[in-house]
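Colleague: What follows is each chain in one-letter form.
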Amino acid sequence: MTKKEEEILTGSQGEICSKLLRLLVKLGDSFGADKLIQIKSAHTVLNFGLNFVNAAAKILNQVAKAGLKVKVRTSADPIVDMTYKDTLGNISKLFVLQDQLIRDLTDIGVKSFTCTPYYTDNCPNFGDHCAWAESSAVIYLNSVIGARSNREGGVIDIASAVLGKTPNYGLHLKENRKGQILFKVPFKNWDTFDLTTIGLYIGETAGSKIPVIQGLEKMSTDDLKNLGAASAASGAVALIHVVGRTPEANTLEEAFQNDKPEEIIEIERAILKEIKEKYSTEWSNPPRNIGIGCPQLSKDEVITILKKLKGKTILPEINFWICCCEEVRNEIKNSPYWEIVEQSGAKLATLCPMLTPLPRPYITNSGKTCFYTSATYRSLDDCIRIATGGLNHA
Amino acid sequence: MPKILKGRGLSGGIAEGEAIVTNQPFNISASFAMPLIQFSKKCRVSDRTHELFKKDVTGKILIFPIPIGTTTMGFVLLETIIRGIGPKAIVCAQGEPLLSSGALCAEIFFGKPFPIVDQIDLQELLQIKEGTNVKVNSNEGTVEIQD
Chain A
14 MTKKEEEILT
24 GSQGEICSKL
34 LRLLVKLGDS
44 FGADKLIQIK
54 SAHTVLNFGL
64 NFVNAAAKIL
74 NQVAKAGLKV
84 KVRTSADPIV
94 DMTYKDTLGN
104 ISKLFVLQDQ
114 LIRDLTDIGV
124 KSFTCTPYYT
134 DNCPNFGDHC
144 AWAESSAVIY
154 LNSVIGARSN
164 REGGVIDIAS
174 AVLGKTPNYG
184 LHLKENRKGQ
194 ILFKVPFKNW
204 DTFDLTTIGL
214 YIGETAGSKI
224 PVIQGLEKMS
234 TDDLKNLGAA
244 SAASGAVALI
254 HVVGRTPEAN
264 TLEEAFQNDK
274 PEEIIEIERA
284 ILKEIKEKYS
294 TEWSNPPRNI
304 GIGCPQLSKD
314 EVITILKKLK
324 GKTILPEINF
334 WICCCEEVRN
344 EIKNSPYWEI
354 VEQSGAKLAT
364 LCPMLTPLPR
374 PYITNSGKTC
384 FYTSATYRSL
394 DDCIRIATGG
404 LNHA
Chain B
96 MPKILKGRGL
106 SGGIAEGEAI
116 VTNQPFNISA
126 SFAMPLIQFS
136 KKCRVSDRTH
146 ELFKKDVTGK
156 ILIFPIPIGT
166 TTMGFVLLET
176 IIRGIGPKAI
186 VCAQGEPLLS
196 SGALCAEIFF
206 GKPFPIVDQI
216 DLQELLQIKE
226 GTNVKVNSNE
236 GTVEIQD
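Top line first, the protein sequences correspond to chains A and B. When you line the first sequence up against my numbering, it's residues 14 to 407, in that order. When you line the second sequence up against my numbering, it's residues 96 to 242, in that order.
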């Protein structure tokens, strides 16, 4: 520890700062960190005002009351979208802690409320050390951007943001970013829905190991986001290398750092149907809500959906949620595509469609949502067909 | 003679109780969020995909291979500790920072230590029968199994 860190620990910057540092030091000690390192960016999940965050909210409140501020660009997960408070009705009342959390987060300098901070100006560069929470964002940061973060959690993320530091262990070290399990995808004609499903399968198979995928060189970063989010839910995956696609896996050898895979798994097409059924909750009655955007959507993804919705109308008994960050929504609002939002009756929202308890039956194309909640798992095209034509049109 | 397993203490504190054991990875967020949201007095596992689904883990020593799932794990565990509805301690083969963060926050900010011990051979853990009395000492990193 540096002299300054020791002083903070003994209270030179107040009791709360000392406790936050103690938290990082204890955590680092358990996991073999040799020191604390400077971070460039942070992202917290301590934002969602449902009643299961009372204890963590108390800690945040102490941080804010002590007048502490974040030292690096820090964003937070999505909050309730008050644009749609009439549609959400009593649901928004469940978020009893929301106002307090937003006030405290804003006070300490947190900006942007989204699970996809990398679509805002909180987008680190290759090799940057970060302290991010939100499993889907961490896996994107490590895999797609090649910046480095462990899977941080609520409070630890705040502690790192306020101190500007994180313990040096885990994925901050190159040797711990080595691929461990090789997944081969031998078939070519996959779509986004298949890739998300492959994510669920990889997560449940890999657990906390680092998967390397061969055969998906052509996948988009959006698809990699959806695949990664699914595997971070069904497993504890924080980094996926895709050979020929992600920055630390230009070749198979680079992905495994010249070592051999511990295991090689060939993904058969037949398993996808099984996984899709396993994580889907089926209802016979028509849906009340359909949600796209868990994780929240990129501008390209929103445009793809809006093009498919052109000339169609969402059935009046269904809410069709298209979820993205405020920045992307503003871009769409200022584009010709906004007309399709208004004409179709879709709801372009900044909420989290997973943690917002939208009334069931609920249909989504999100592997992550289907893992965590009761939801019917369908492709985007099926979601749109049902939203505009009813269940019989799927 | 009780059997003593030596592992790594990830937090602080000592707890004793009945073991509940699973060989499936355990998703804390998916398992505990629902009982918390509903203000239940009991912590019935709400992860539909898990073999412990609907089982009450309140006051038990929860034993599993690895924790999995999204990064709300830490404050979900913290909340169960502060409300006193969750397990008394956790033992696993391989822990992770998110898991310990919940316990460390409880100790540092609320003065409520919650023992977690990891780095214990999974086969040893799976031999522990449900209901066996187990003492977890996170200060020493030991798990004592009564016979």
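Treat the hints loosely; a few may be bogus.
[What the hints assert, rightly or not] To give a feel for the contact side, a few chain B residues facing chain A, derived at Cβ under 7 angstroms:
(1) Met96
(2) Ile109
(3) Met129
(4) Leu131
(5) Ile132
(6) Ile161
(7) Thr166
(8) Phe170
(9) Gly179
(10) Ser195
(11) Cys200
[Said to hold, decoys possible] Covered, in the sense of this in silico footprint (three residues per stretch, anywhere, with C-beta under 8 angstroms from a C-beta of chain A), are these stretches of chain B:
(12) 117-126
(13) 134-148
(14) 229-237
Note that these hints are calculated values from the structure, not bench results. Ideal Cβ placement from N, Cα and C applies to all residues, glycine included.
Colleague: Indicate, hint by hint, whether the structure satisfies it.
Modeller: Tested hints:
no., hint, in the structure
1, Met96, "violated, 30 angstroms"
2, Ile109, "violated, 17 angstroms"
3, Met129, "violated, 9 angstroms"
4, Leu131, "holds, 4 angstroms"
5, Ile132, "holds, 6 angstroms"
6, Ile161, "holds, 6 angstroms"
7, Thr166, "holds, 4 angstroms"
8, Phe170, "holds, 4 angstroms"
9, Gly179, "violated, 11 angstroms"
10, Ser195, "holds, 6 angstroms"
11, Cys200, "holds, 5 angstroms"
12, 117-126, "holds (count 3)"
13, 134-148, "holds (count 3)"
14, 229-237, "violated (count 0)"
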